[in-house]
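S.K.: Sequence:
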Amino acid sequence: MNDADYMTRALFHAARGRGRTSPNPVVGAVVVSSDGVVVGQGFHQRAGEPHAEVRALDAAGARAAGATLYCTLEPCSHVGRTGPCVERIVNAGIVRVVAAIEDPNPLVRGRGFTFLRQRGIPVEVGTCAADARWQNQSFLTLLETGRPFVTLKAAVSLDGYLAARPGHRTLLTSEASNRHAHRVRAEVDAIGVGVGTILVDDPLLTTRGVYRERPLLRVVFDRSLRMPAGARVLSTGDRGPVMIITSQLAVDQVERRHALERHGAEVVVGDGSIRGALEMLGTRGVGGLLLEGGAGIHAAAWDEGVIDLVRLYVAPLRLGNGGVRFLNGKPFSVADLASRRIEPLGPDILVEGYVHGPR
Numbered sequence: 165m166n167d168a169d170y171m172t173r174a175l176f177h178a179a180r181g182r183g184r185t186s187p188n189p190v191v192g193a194v195v196v197s198s199d200g201v202v203v204g205q206g207f208h209q210r211a212g213e214p215h216a217e218v219r220a221l222d223a224a225g226a227r228a229a230g231a232t233l234y235c236t237l238e239p240c241s242h243v244g245r246t247g248p249c250v251e252r253i254v255n256a257g258i259v260r261v262v263a264a265i266e267d268p269n270p271l272v273r274g275r276g277f278t279f280l281r282q283r284g285i286p287v288e289v290g291t292c293a294a295d296a297r298w299q300n301q302s303f304l305t306l307l308e309t310g311r312p313f314v315t316l317k318a319a320v321s322l323d324g325y326l327a328a329r330p331g332h333r334t335l336l337t338s339e340a341s342n343r344h345a346h347r348v349r350a351e352v353d354a355i356g357v358g359v360g361t362i363l364v365d366d367p368l369l370t371t372r373g374v375y376r377e378r379p380l381l382r383v384v385f386d387r388s389l390r391m392p393a394g395a396r397v398l399s400t401g402d403r404g405p406v407m408i409i410t411s412q413l414a415v416d417q418v419e420r421r422h423a424l425e426r427h428g429a430e431v432v433v434g435d436g437s438i439r440g441a442l443e444m445l446g447t448r449g450v451g452g453l454l455l456e457g458g459a460g461i462h463a464a465a466w467d468e469g470v471i472d473l474v475r476l477y478v479a480p481l482r483l484g485n486g487g488v489r490f491l492n493g494k495p496f497s498v499a500d501l502a503s504r505r506i507e508p509l510g511p512d513i514l515v516e517g518y519v520h521g522p523r
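Going by the working numbering, the sequence shown opens with residue 165, and the numbers climb by one from there.
The list that follows gives simulated cross-link-like pairs (lysine to aspartate or glutamate, EDC-like), each with its CA atoms no further than 20 Å apart:
(1) Lys-494 / Asp-467
(2) Lys-494 / Asp-323
(3) Lys-494 / Glu-468
(4) Lys-494 / Glu-516
Please keep in mind that the hints were generated in silico from the structure rather than gathered at the bench.
Construct all of the structure, not just a fragment, from the sequences and the given hints.
M.R.: Now the structure itself:
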């Protein structure tokens with residue numbers, strides 16, 4: 165086995181923390197003895213708990229002396245809720261470190277590598293870097309842009325419609341697509357919808373049929389504060405908080421605001437832009453946002469250039485003219501998406517790809 169093989173194993177372990185570590189990254193680590201035997205492995209399980217490197221070194225014990233450590237992200241060199249991993253690495257007797265990518269966190273950003281090199285431990289960076297960046301695209305986007313990584317999710321017909329007519333709820337996709345969508349919901353930090361989706365579909369915005377460990381933030385974009393206090397999502401406070409982002413123009417609607425707050429919603433005033441709302445979510449540690457609809461909020465986010473990934477569940481039917489068009493009919497082609505991926509889901513087809521390219 166070579167470095168890429170061992171790093172692939174570390175990436176496998178990192179994936180075990182998906183949906184559990186935010187706002188921290190997912191990280192995996194593997195300790196390999198001088199004769200190529202894996203003697204320790206671990207992953208970061210939750211924010212505030214031991215990092216992957218520490219778990220792998222604990223598993224290796226005395227066998228870590230003289231071994232190589234493979235980690236998917238630069239080991240930390242600062243004291244946060246846990247101690248610095250680099251000191252544990254040195255004290256364990258590791259003689260070589262192979263890392264996939266540098267940690268962009270300003271508290272780390274190369275300092276971990278420098279610490280190790282200054283103590284005579286060679287460090288190699290870049291093995292399986294693209295895979296490691298893909299695993300942590302939400303974490304990286306938050307640190308590099310100050311906003312969440314935004315995935316536009318929509319169910320569409322073959323002719324590009326979301327619904328048969330305005331104000332009409334249209335069920336398009338199969339059970340297989342629905343199960344996939346709920347698995348995705350289980351891993352993101354937040355779901356976002358426009359108030360139009362609330363008024364038409366009255367969704368719960370919860371995960372169903374899949375386990376989610378952390379509370380799920382539900383975000384409603386509602387400039388005019390049209391959200392009804394009886395919306396079903398407000399009856400699910402035990403599943404996670406509900407935030408309504410409105411505009412300064414709606415501040416005077418005191419009674420409506422108080423009614424929403426009495427039903428458990430947090431009403432916050434944004435600057436009227438999608439980007440501004442996303443940056444506000446970023447200050448709260450939201451790294452990944454699943455923007456589920458409808459056409460209006462999708463189109464607004466598209467126009468502001470804040471969509472990172474498009475995920476379409478395409479149903480094998482046509483709705484014809486008179487319906488609600490994807491992106492409100494704005495020019496769009498899946499051929500323009502980077503790193504496109506296509507997957508059959510029962511009778512449906514999942515198509516996804518990056519708008520600006522992978523992080």
